[in-house]
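J.: Using the hints, position chain B against chain A.
One letter stands for each residue in the lines below.
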Amino acid sequence: MLLLFSDGGFTLKEYIIRRVLISIPILIGTSFLIFYLFALLPGDYVDSNPSLTPQRAAELREFYGFNEPVIKRYFNWIAGIFHGDLGFSFQYQQPVTKVINQFIWNSFIVSIISLVITWIIALITGVYSAMKQYSIFDSFVTFFVFAAMSIPSFFIGLLLIKIFAIDMNLLPVGGMIDVGSNTTGLAHYVEIGRHMILPVFILVLLGTGSLTRYVRTSMLEVVRQDYIRTARAKGLKESKIIFKHALKNALLPCITLLAFELPALFSGAIIIEQVFNWPGIGQVQLESLNNRDYPVLMTFTMFLSFLTILGNLFADVAYAAVDPRIRLK
Amino acid sequence: MRKKFTKLIIPFAAASLLLAACGEQATNNSNNTSSGQSSKVASIKDESLKAASPDSVPAKALNRKDTFIATLSTNPGGAFLPNFYKTGYDGNVSSPIFDGLVDINEKGEYTPKLAEKWEISKDGKTYTFHIRKNAKFSDGKPVTSEDVGFTLSILHDPSYAGDTDISRAHIIGGEDYKKGKAKTIKGIEIVDDQTITIKTDSVDVQALSILGGPVLSKAYYGKGYHFGNLDYLKDLYQKPMGAGPYKFDKYIPNQEVRYVANENYWNGAPKIKHFIYKIANENGLQYFQAGDVDFAGFTANADNLEQLKSVGFANIDIYTGTPISFISINNKKEYMKDAKVRQALNYGLNRQQIIDTVYQGYGEVANIPIAPVSWAYNDEGVRKFNYDPKKAKELLDEAGWKVGKNGIREKDGKKLELVYLSAKSDDGLIPIAKENYKEIGINLKPEFSDFNALVSKVDKGNYDLASFSTPMIMDPNDVVADYHSKNADKNNGYKNPALDKLIEEGQNTLDQEKRKEIYHELYKEFADNPPIILLNYRKILNGVSSRIDGVKQDPYNGILSSLTEVDITK
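First to last, the sequence lines map onto chains A and B.
In case it helps, our numbering puts the first sequence at residues 1 to 329.
In case it helps, our numbering puts the second sequence at residues 1 to 570.
FYI, nobody ran anything at the bench for these hints, they're computed from the structure.
For every residue, glycine included, the Cβ atom is placed at its ideal position computed from N, Cα and C.
Keep in mind that the hints are not guaranteed to be accurate.
Stated by the list, open to error - With a cut-off of at most 30 Å between alpha-carbon atoms, the simulated DSS-like pairs for lysine-lysine come out as follows:
(1) B:K411 <-> B:K332
(2) B:K501 <-> B:K516
(3) B:K414 <-> B:K390
(4) A:K72 <-> B:K460
(5) A:K72 <-> B:K178
(6) B:K434 <-> B:K501
(7) B:K45 <-> B:K445
(8) A:K98 <-> B:K218
(9) B:K234 <-> A:K72
(10) B:K250 <-> A:K98
(11) B:K434 <-> A:K162
(12) B:K460 <-> B:K199
(13) B:K516 <-> B:K250
(14) B:K414 <-> B:K402
(15) A:K162 <-> B:K60
(16) B:K50 <-> A:K162
(17) B:K434 <-> B:K445
(18) B:K457 <-> A:K72
(19) B:K223 <-> A:K98
(20) B:K107 <-> B:K50
(21) B:K178 <-> A:K162
(22) B:K524 <-> B:K490
(23) A:K98 <-> B:K234
(24) A:K72 <-> B:K490
What the hints assert, rightly or not - Counterexamples of contact, computed for chain A against chain B with all Cβ distances above 10 Å:
(25) V20
(26) W77
(27) F90
(28) I112
(29) I124
(30) S135
(31) P152
(32) L206
(33) D226
(34) K248
(35) V284
(36) E287
(37) L307
(38) N312
(39) D316
(40) D323
Bound-form chain B, shown alone:
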């Protein structure tokens, strides 16, 4: 599961250090608390701990008068261009350089950024963005609607090999342009320098995040563009230029990325002149202790917190992130078709114990497929799968699975033996799940492989259960869309017309209040007829040097939303 985070692709410019935080630091120190000891850790609250001795900052850090350094936990690839990079860490590197029209706030709601405002027509299909008059690229040229149009056009180019699925924006005429039938995209209308109207052919909540994404300068990235050939952009992958708070300065492969404050930034240049991402890999804590970096992210667990507390000058933040860990159930298998079996798998697993063991309590049991930090979170009246082996046994009995020889349940001569795929050789879930499931008469057979092999096995349907974790979740639709019947073949085979209807409603409604209600209903149905076993929401643990002031963090942006406000006090 750890691997999944290293491979995140971030939909927004505003995404974040957060990845660094919950990503690669997931070291192997998770299995060493006995359950007796950790059962005391009931539920860990989000909190900020002040540095114990704020004056103990190492001299090395104090000598750094105009530079703020944060860790990046894994090597980036080196393609620093939104929509074109292939690893999530390139996204992190690009984030300070590129601003989008639209931003996301700490609750996951869209807010204005380069666009001072936008309007969505009554029918929900036409978007009009009004770009700020003072929005400028770091080369001093203004951000115009031409630039926005260009950014969206190249995503429709047939030679575009990036990961963004532009069809999700449903721009009218997009397909025709891609196939070469039209010279321009009909749905993109440039009204004036600051105003652009985009017409789409369906109401889809995903459109705004794509249309409002990072803006590329047409003058800079459009030089040499011919339809059907985006190869020239490769030369610019390591010379990024955008309208974000920082300008790109230098990339030293697998060592660091350097930035300089963008004097032309629309919201005022950042207070600290230099910003550096230090690629720390496993050495984040050591760099932090030695004063080489001012900010570092860690896997949230008791060991890491203890170590961080021992660093006197560390201001510590613990908060809940958006990603969700879960076990995918292969609904394509005949014996998984019965909702009772899937419910039993949920009731029969002691998820709190897994959190206590794997994360030493630094997690939260997930009952609905959205983290508590989101505006859409509401678990009132939703079936909660508190550990209940008795109920699980009853459900399996009802489903016709009778306890046979050796205590393993059987039905029509088939034993209830489930293959569980994991990409972590030290998956702390296994001993607990094996024991839990044995008690209710299920034989769990774990299999290990690396992440890509796991995905491949899942695609081919050679599994019963498989361990996964979602990437960062921006919108509640991001998690549930996979369980729509139309994705059943490509996903885990789950089909449920009642859920389909709610998913579509959630996706095709733009009003947040209405969506809240839809998702509340959806989560009830999701729990009653569960497609997967939800495991937990994860915590994020970060340390900030006491010499740095003004760092604000949230699950959607990490520290990036406060990057212009951060200042050095010592």
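This is chain A alone, in the form it adopts within the complex:
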């Protein structure tokens, strides 16, 4: 994308404006593609209920407009969006925005907390094992990382529930609050926190592995660069070399990774949500696909596409901001 416009230098502002403008046709194209693909799925919402009489099923198809051509349905949907109407969920019998709003934040809090913890751990262990390449610590981290990535999350999830919730009775089985709980204020947050321990633990376990490897590889590449050797030759303190010169450059590729985390923050972790019965958006999205609840499915998928494009935009802008070479090219 950058190359198209790289015939001259831009200021950062111009650059951002151009990138935003490019995003608009991408979004429109995506919306049509998604709508069309979903329309291609055999079956519609009315098929979800096998006990409908054939007459009633026909009436409902008419009512929902399922008999109209795809292109007409697409423009109806787009027109709705421009009127601020994202649709009404068939399954939930509520406005789509309300359905999504009800569940997305439950997913978000788990994701954001796991994300922060994952990055902290990955940065520390990644840098440390790069510095001590092939040391016992490094081997241990490598072993642990691959082990953690290889264990299926649902298995370890169920195992942890068995140990901590049923046998030891320390943590809750699942959900977000205790059944029938009426806590408010601080006690309420503590309660949610207790319910988050296991899901967050597993998400961190899964996420830390690959990220640690990224940081480690990136660091290893940077410390072999000439300027690091120069810095060492200058007699700079090792800690200054690592954190001021090496880490800064090593983190550049991580910007891309972080940008991709943006949609992930809101998309919900489907498997973990199922294992821990967490009332998140992941389950809702899966159900809407199974039931052909198009309004929910379309809106949420579009929202994720939007976040992905936004994340990319952030990444590009962030690169441009931190790495002058990109813009000046």
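T.: Chain B alone, transformed into the frame defined by chain A:
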């Protein structure tokens, strides 16, 4: 097939936890018994097992002094209004809040509820309901015939987008009202506050279940109603109010639904003040073990029973449910027109082995399209398709299908290859059916898709065989009506004038004794000229904490019929 249960729509307020029981817990643990091991499980009896150590109830549960908690196995949608909700689980959530005029008992017979009695005229077309004098909504207002009339009127509204097909009630003047030609529905006559007469234009056994369904308060739900606009009701979907044993308290999306005892309940307030449905999804057993819930339902199989037995404080119930698993045969295909071919498909399939494998024996071979729990069950003298490959081969020979190259039968140059659609990627039926059918010279080709796609393929006729399961069966007509010739195009293309006649007779006769005989005849014809392959009736497996007393369960109501009687003993 599992999916089908999650999508049930329940005709009655009284329907039930049962769904929770046989629904979503269907996990993937069904394929791991070898047939050698499971062949010992001949036929599992319905039984109740007492808790091994009733005093081992977790402290968490013992601390709950005035709350009874049951699992709901799948997320509800959030429209808690009878006739308006779109998922069966919303029906489960609504059930304790709304009572109907008529109830259904453990044999599937209609019994009085909000109506203390009702009369049906001699010609079978006029219904008169007498509402109990002490029937009240939870806001204290009496349930009147106005409310019943209102409930039926809005189902005729042109903007009604729910799943109930009100035309099945055949109320006189209903069509005119729907089309805006009449201001009121002619057939609904309010005699006095407690008496309502409803005139219909045909004798149909389906009418009573619709007319006697959950009653909505006109004062509450009728505020703001204008003909042709039911949108205002959407604001009340999550504020349900009815005349059932419990009042709605709070819904925490995809987590739990809370109820409080209705002090105004006509049959006396429930003994336990609070009731909660905990949405457990796959975690039912864990919640039960940890004491978070007092009642949980599971897929009936040996693994789940074993695990439940290991929970010392669990009183366990196993009983037969009403749903039937079956394979639909596409009668629209030329080669399926011959009844002998369809009979051969039935004889050639070892259904007991399928039950032993898929449900580890926790099922029962189905020979007639009604479960043994129903009043209509009678399989005497009905052709039973016990596994008989020899007979199947003979029938195919007679039908002109000769064994060709590779052992696959051929007729007029066409090979007997059948596409079998399944919505379960781990459908345990496939390996058995493939082998069974290979033996009689049929090549079975399985195809997978999700449930809605399967339905769509079936609608278009792109299949030979397709795996299905019925929802809960209230009336014997519910299963067989689909095989009437008039539904042939929309269903599997089956046409049989002899069966049509019996279906109509069964549907247009209200006397149960007479219907019993009609259905007995019908089941004989159904087996001789089978439209489908009946597979099995399923078992229901439930665990109740030993601290809870008075839970009664039946296939039609789950635990709901005993909800007012349930009590905490520890």
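J.: Now look at each hint and say whether the structure bears it out.
T.: Comparing the hints with the structure gives:
no., hint, result
1, B:K411 <-> B:K332, "holds, 17 Å"
2, B:K501 <-> B:K516, "holds, 15 Å"
3, B:K414 <-> B:K390, "holds, 22 Å"
4, A:K72 <-> B:K460, "holds, 23 Å"
5, A:K72 <-> B:K178, "holds, 28 Å"
6, B:K434 <-> B:K501, "violated, 36 Å"
7, B:K45 <-> B:K445, "violated, 35 Å"
8, A:K98 <-> B:K218, "holds, 28 Å"
9, B:K234 <-> A:K72, "holds, 27 Å"
10, B:K250 <-> A:K98, "holds, 17 Å"
11, B:K434 <-> A:K162, "violated, 38 Å"
12, B:K460 <-> B:K199, "violated, 38 Å"
13, B:K516 <-> B:K250, "violated, 44 Å"
14, B:K414 <-> B:K402, "holds, 10 Å"
15, A:K162 <-> B:K60, "holds, 17 Å"
16, B:K50 <-> A:K162, "holds, 25 Å"
17, B:K434 <-> B:K445, "holds, 8 Å"
18, B:K457 <-> A:K72, "holds, 24 Å"
19, B:K223 <-> A:K98, "holds, 24 Å"
20, B:K107 <-> B:K50, "holds, 24 Å"
21, B:K178 <-> A:K162, "violated, 56 Å"
22, B:K524 <-> B:K490, "holds, 24 Å"
23, A:K98 <-> B:K234, "holds, 13 Å"
24, A:K72 <-> B:K490, "holds, 27 Å"
25, V20, "holds, 35 Å"
26, W77, "holds, 18 Å"
27, F90, "violated, 6 Å"
28, I112, "holds, 20 Å"
29, I124, "holds, 34 Å"
30, S135, "holds, 41 Å"
31, P152, "holds, 14 Å"
32, L206, "holds, 19 Å"
33, D226, "holds, 55 Å"
34, K248, "holds, 43 Å"
35, V284, "violated, 8 Å"
36, E287, "violated, 7 Å"
37, L307, "holds, 22 Å"
38, N312, "holds, 31 Å"
39, D316, "holds, 37 Å"
40, D323, "holds, 44 Å"
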